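> The chain contents come next:
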Amino acid sequence: MTKRDYKKEFTIDMLSAVEKPARYTGGEFGSVVKERADVRIALAFPDVYEVGMSYLGFKILYHILNRMEGVAAERTYAPWVDMEKLMRERSVVLTTLETKQALAECDLVGFTLQYELSYTNILNMLDLGGVTVLAKDRAEDEPFVIVGGPCVFNPEPLADFFDLAVIGEGEEALPELVTVYKNWKAAGRVGGRTGFLQAAARVNGIYVPSFYDVTYQEDGTVQAVTPNQKVAQPVIYKRVVRDMATVDYPTDPIVPFMSIVHDRIMLEVFRGCSRGCRFCNAGMVYRPVRERKPEQLRQLARQLVDNTGYDEISLFSLSTADYSCLDPLLDGLLKEDFKDERVSVSLPSLRIDSFCIDVAQKVNSVRKSGLTFAPEAGSQRMRDVINKGVTEENLMDAVSAAFTNGWKKVKLYFMIGLPYETDADVLAIATLAKKVLYKYKEVTGKGGAMITVSVANFVPKPYTAFQWAAQDSLTEIKRKDMLLKEAFSRVRGINYQYHESKVSVLEGVFARGDRRLGAALYKAWQQGERFDGWDECFKFDLWQQVFADCGLDPHFYADRVRGEQELFPWEHVSPGVAKAFLANEYRKAKLAQLTHDCRHGDCTGCNVCQQLGVNVVDYTGQMPAVASSTLSAAAEKVAPAATAAATTAALTAKEVQPQ
Amino acid sequence: MKLRLQITKDRSIRFISHLEYARTLMRAVLRAKLPVAYSEGFNPHMKLSLASALGVGVVSQAEFVEMELKEPVPPAEAAQRLRKALPAGIKVLTADAVDDHAPALMSVAGGATYQVVIPATDADQISQAVGAFNAAASLPFTKKAPKTKAGVKEIDVKFYIPHLEAELFGGKLVLRFDCRITPAGSMKAVDLVNALNKQYGLALPVELADIERLDLYRVDDLGRHEPMLAGAR
Ligand code: SF4
Numbered sequence: 138m139t140k141r142d143y144k145k146e147f148t149i150d151m152l153s154a155v156e157k158p159a160r161y162t163g164g165e166f167g168s169v170v171k172e173r174a175d176v177r178i179a180l181a182f183p184d185v186y187e188v189g190m191s192y193l194g195f196k197i198l199y200h201i202l203n204r205m206e207g208v209a210a211e212r213t214y215a216p217w218v219d220m221e222k223l224m225r226e227r228s229v230v231l232t233t234l235e236t237k238q239a240l241a242e243c244d245l246v247g248f249t250l251q252y253e254l255s256y257t258n259i260l261n262m263l264d265l266g267g268v269t270v271l272a273k274d275r276a277e278d279e280p281f282v283i284v285g286g287p288c289v290f291n292p293e294p295l296a297d298f299f300d301l302a303v304i305g306e307g308e309e310a311l312p313e314l315v316t317v318y319k320n321w322k323a324a325g326r327v328g329g330r331t332g333f334l335q336a337a338a339r340v341n342g343i344y345v346p347s348f349y350d351v352t353y354q355e356d357g358t359v360q361a362v363t364p365n366q367k368v369a370q371p372v373i374y375k376r377v378v379r380d381m382a383t384v385d386y387p388t389d390p391i392v393p394f395m396s397i398v399h400d401r402i403m404l405e406v407f408r409g410c411s412r413g414c415r416f417c418n419a420g421m422v423y424r425p426v427r428e429r430k431p432e433q434l435r436q437l438a439r440q441l442v443d444n445t446g447y448d449e450i451s452l453f454s455l456s457t458a459d460y461s462c463l464d465p466l467l468d469g470l471l472k473e474d475f476k477d478e479r480v481s482v483s484l485p486s487l488r489i490d491s492f493c494i495d496v497a498q499k500v501n502s503v504r505k506s507g508l509t510f511a512p513e514a515g516s517q518r519m520r521d522v523i524n525k526g527v528t529e530e531n532l533m534d535a536v537s538a539a540f541t542n543g544w545k546k547v548k549l550y551f552m553i554g555l556p557y558e559t560d561a562d563v564l565a566i567a568t569l570a571k572k573v574l575y576k577y578k579e580v581t582g583k584g585g586a587m588i589t590v591s592v593a594n595f596v597p598k599p600y601t602a603f604q605w606a607a608q609d610s611l612t613e614i615k616r617k618d619m620l621l622k623e624a625f626s627r628v629r630g631i632n633y634q635y636h637e638s639k640v641s642v643l644e645g646v647f648a649r650g651d652r653r654l655g656a657a658l659y660k661a662w663q664q665g666e667r668f669d670g671w672d673e674c675f676k677f678d679l680w681q682q683v684f685a686d687c688g689l690d691p692h693f694y695a696d697r698v699r700g701e702q703e704l705f706p707w708e709h710v711s712p713g714v715a716k717a718f719l720a721n722e723y724r725k726a727k728l729a730q731l732t733h734d735c736r737h738g739d740c741t742g743c744n745v746c747q748q749l750g751v752n753v754v755d756y757t758g759q760m761p762a763v764a765s766s767t768l769s770a771a772a773e774k775v776a777p778a779a780t781a782a783a784t785t786a787a788l789t790a791k792e793v794q795p796q
Numbered sequence: 047m048k049l050r051l052q053i054t055k056d057r058s059i060r061f062i063s064h065l066e067y068a069r070t071l072m073r074a075v076l077r078a079k080l081p082v083a084y085s086e087g088f089n090p091h092m093k094l095s096l097a098s099a100l101g102v103g104v105v106s107q108a109e110f111v112e113m114e115l116k117e118p119v120p121p122a123e124a125a126q127r128l129r130k131a132l133p134a135g136i137k138v139l140t141a142d143a144v145d146d147h148a149p150a151l152m153s154v155a156g157g158a159t160y161q162v163v164i165p166a167t168d169a170d171q172i173s174q175a176v177g178a179f180n181a182a183a184s185l186p187f188t189k190k191a192p193k194t195k196a197g198v199k200e201i202d203v204k205f206y207i208p209h210l211e212a213e214l215f216g217g218k219l220v221l222r223f224d225c226r227i228t229p230a231g232s233m234k235a236v237d238l239v240n241a242l243n244k245q246y247g248l249a250l251p252v253e254l255a256d257i258e259r260l261d262l263y264r265v266d267d268l269g270r271h272e273p274m275l276a277g278a279r
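The listed protein sequences correspond, in order, to chains A and B. Numbering (the working numbering) for the first sequence: 138 to 796. Numbering (the working numbering) for the second sequence: 47 to 279.
Among the hints, a few may not be true.
Between beta-carbon pairs, the in silico distance windows are [unchecked claim]:
no., chain 1, residue 1, chain 2, residue 2, range
1, B, Glu-86, A, Ser-228, 53 to 59 Å
2, B, Thr-194, A, Glu-156, 23 to 29 Å
3, A, Thr-528, B, Pro-192, 52 to 58 Å
4, B, Glu-117, A, Lys-572, 53 to 59 Å
5, B, His-91, A, Glu-623, 33 to 39 Å
6, A, Asp-389, B, Thr-188, 46 to 52 Å
7, A, Val-218, B, Arg-226, 40 to 46 Å
8, A, Lys-237, B, His-209, 36 to 42 Å
9, B, Thr-188, A, Val-218, 28 to 34 Å
10, A, Val-218, B, Leu-260, 33 to 39 Å
11, A, Lys-545, B, Leu-139, 46 to 52 Å
12, A, Glu-206, B, Pro-208, 55 to 61 Å
In short, the hints are calculated from the structure, not lab data. Owing to the predicted nature of the structure, the values given are computational and were not obtained by experimental measurement. We treat Cβ as the ideally placed atom computed from N, Cα and C, and that holds for glycine.
Start from the sequences and build out the full structure, keeping to the hints where you can.
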């Protein structure tokens with residue numbers, strides 16, 4: 138959309154014609170409307186409202202930025218295809234929800250990169266917002282486009298479209314960046330766009346892609362990434378909050394009118410996870426583990442319930458069951474703070490052993506809804522390859538406990554296409570699922586268990602042990618899917634769900650892609666591709682054509698085994714994890730050797746703490762028997778000083794209390 | 047006691063659904079910490095109800111909500127607490143209290159006043175149509191009725207809306223009218239525009255109709271309009 142010839146208003150007939158019009162009108166309780174501001178920043182989520190509104194990171198940043206004097210942080214989401222069509226027909230621009238500023242009128246537009254399949258939406262939102270899509274063509278008075286979030290550890294496929302990236306956690310970095318912008322603007326925009334980018338590049342954790350030149354070898358791999366500006370550091374290390382107690386947490390989040398995906402209080406109990414699953418990107422890029430104290434969490438919970446009117450608190454983290462003070466926290470919340478109120482507590486993920494069945498019952502005392510376990514792989518060998526560190530016995534104990542306690546529905550999450558996987562490993566998924574089914578009969582003496590087996594395709598991600606591995610080809614994945622379909626074909630009581638494999642090819646290409654992919658993104662977007670993560674929108678044939686037209690080979694990115702010495706396109710932005718550590722993990726994977734969790738001391742040498750000068754913050758589970766009154770006596774233990782606690786093998790249960 | 051409030055649904059939030067509106071009220075009641083009562087049973091729900099459902103997109107100055115409180119709270123105080131807990135698009139206009147056994151607010155509404163603003167230019171055609179409408183004894187109209195077997199229902203518009211007031215200025219037609227509510231139901235304001243288009247060959251752009259409910263009232267035995275809440279206005 139060309140600048141300045143657009144309209145801003147969604148007319149009555151537009152809003153009447155679209156699905157879920159509340160996505161577009163704002164006005165929610167808790168939204169912050171600042172008519173005047175020195176710096177206006179749009180927090181842009183490249184998916185629909187109900188997905189974006191569930192994202193904790195933006196809740197935090199919205200709160201922190203809006204507390205700054207003269208700064209207005211506002212929200213904007215990708216309009217669904219029905220609304221986009223009307224907007225384009227009538228030249229209506231994409232605005233923020235708060236003060237209805239076109240994105241082009243904001244100072245900064247910050248996108249979060251949550252998943253690769255949302256990248257076309259970023260281009261589309263920029264265009265709908267009146268912002269020039271290609272960074273190099275942006276005019277002096279246009280906003281700066283920022284990216285951040287988990288996928289920022291390989292931002293290269295988007296390098297043509299953003300001006301700068303915040304690498305790592307934004308709580309401290311973004312306010313610093315905004316202050317630099319404010320000063321630059323107040324001083325009369327010294328040096329123009331480049332002037333600001335140079336100033337921004339001096340802030341730790343800020344990456345400016347145009348300050349780096351990339352050269353390629355003849356075989357197509359990266360030869361070098363070289364700074365072309367003095368201010369550009371050879372490697373940008375991520376920002377990390379040292380102590381979670383020192384950063385502000387949003388206690389007055391927006392309460393939406395419409396239902397959103399996570400329609401409840403999200404209370405972040407800790408950040409990071411160091412279980413070290415070898416496929417997991419989040420586990421590497423959010424290190425180290427940093428906990429909040431239970432007393433602080435209880436105070437936050439009180440304020441959140443009072444301020445929102447929500448009746449459910451989700452204890453949020455990458456693996457909440459690993460929280461060292463989970464038991465006292467749950468008791469404090471359920472038996473004291475909210476004992477006379479209709480407030481329930483839920484866990485997005487839960488370790489399942491006998492202890493955790495207690496937890497499951499605590500958080501789910503009324504409804505016997507389904508439990509979800511994630512063994513991730515079917516055979517023990519394969520679980521050792523991925524360092525999942527759980528045994529069949531753990532799973533059987535967990536499901537027996539669940540069945541004995543009245544649960545009937547179990548959902549099991551698996552992946553196929555993992556490195557070093559054989560057909561026997563794939564078929565072991567079916568064997569394991571059947572054992573769970575029989576367990577129900579054994580425990581209850583009757584049939585009727587409902588087992589759902591959900592199988593996803595493994596996609597290798599940057600900064601994981603498997604970053605060198607080839608993704609399974611489409612035909613290979615389809616074959617493995619057929620194996621499983623066959624194995625489940627005559628089994629009653631098991632519902633086998635398989636995820637679309639073509640989408641994972643695209644995910645795989647962009648996850649480990651380089652700057653050259655920008656051309657494909659641009660072309661696919663121009664040809665109408667958006668919402669790739671939504672089945673009804675994703676067009677695989679179109680993408681294949683686009684790759685061919687751009688002279689790009691998707692196989693080069695997705696299913697090529699990378700050489701040990703290969704320089705990856707993403708190595709100049711870093712979460713601090715040593716490449717040697719990851720390489721060693723990849724070797725150990727081949728040997729099916731385990732690496733333990735560093736959470737309770739005993740550093741396993743990923744080097745994040747040393748590189749970034751931070752520590753694991755763990756308040757250890759040494760809660761005295763007299764519990765609540767002595768909570769504050771729990772000593773802070775900082776790895777590696779703390780003694781190693783035996784790493785309990787564990788399974789993960791997701792959504793203990795689904796809606 | 048039962049707390050009764052007249053509240054608004056402002057332009058800014060006109061497109062939230064009835065369900066979303068109701069849910070927003072419940073959360074506001076919790077934020078305001080009013081001692082609201084819950085039903086018994088396995089899945090207790092808040093004893094809170096709205097007097098009449100409003101179509102999505104319709105602005106209202108006259109939404110009525112009733113909730114049962116476990117212990118009495120002075121209505122003015124309850125209103126004040128709720129004001130702080132509601133989003134900007136919902137305002138509390140009046141508050142009243144009745145005892146638990148008073149008939150449900152839902153059942154007492156006898157009519158509503160609407161204003162419809164819609165783009166229009168042909169003054170002659172419109173005044174003729176409005177004149178004919180006001181003079182007509184009846185005006186049959188087939189409205190959509192998704193819940194019935196036939197999917198449509200035959201109604202007499204004049205039974206619900208006996209009289210129209212119309213003004214045309216600045217390229218906009220402003221219609222004001224009272225619409226009867228009976229225990230068996232009522233009709234949608236937008237269907238008045240549909241009926242006018244159909245009967246008198248007008249081409250009013252229904253999709254742009256800006257509809258606002260100005261009032262909701264009881265009707266006494268003599269047909270006089272009485273406010274929904276005692277002491278209101
Ligand atoms: S450096 Fe050591 S303690 Fe820190 S996150 Fe890595 S493995 Fe854990």
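> Each hint: holds or not?
Structure-based check of each hint:
no., hint, verdict
1, B/Glu-86 with A/Ser-228: 53 to 59 Å, "55 Å, holds"
2, B/Thr-194 with A/Glu-156: 23 to 29 Å, "25 Å, holds"
3, A/Thr-528 with B/Pro-192: 52 to 58 Å, "55 Å, holds"
4, B/Glu-117 with A/Lys-572: 53 to 59 Å, "55 Å, holds"
5, B/His-91 with A/Glu-623: 33 to 39 Å, "47 Å, violated"
6, A/Asp-389 with B/Thr-188: 46 to 52 Å, "50 Å, holds"
7, A/Val-218 with B/Arg-226: 40 to 46 Å, "41 Å, holds"
8, A/Lys-237 with B/His-209: 36 to 42 Å, "39 Å, holds"
9, B/Thr-188 with A/Val-218: 28 to 34 Å, "33 Å, holds"
10, A/Val-218 with B/Leu-260: 33 to 39 Å, "37 Å, holds"
11, A/Lys-545 with B/Leu-139: 46 to 52 Å, "50 Å, holds"
12, A/Glu-206 with B/Pro-208: 55 to 61 Å, "58 Å, holds"
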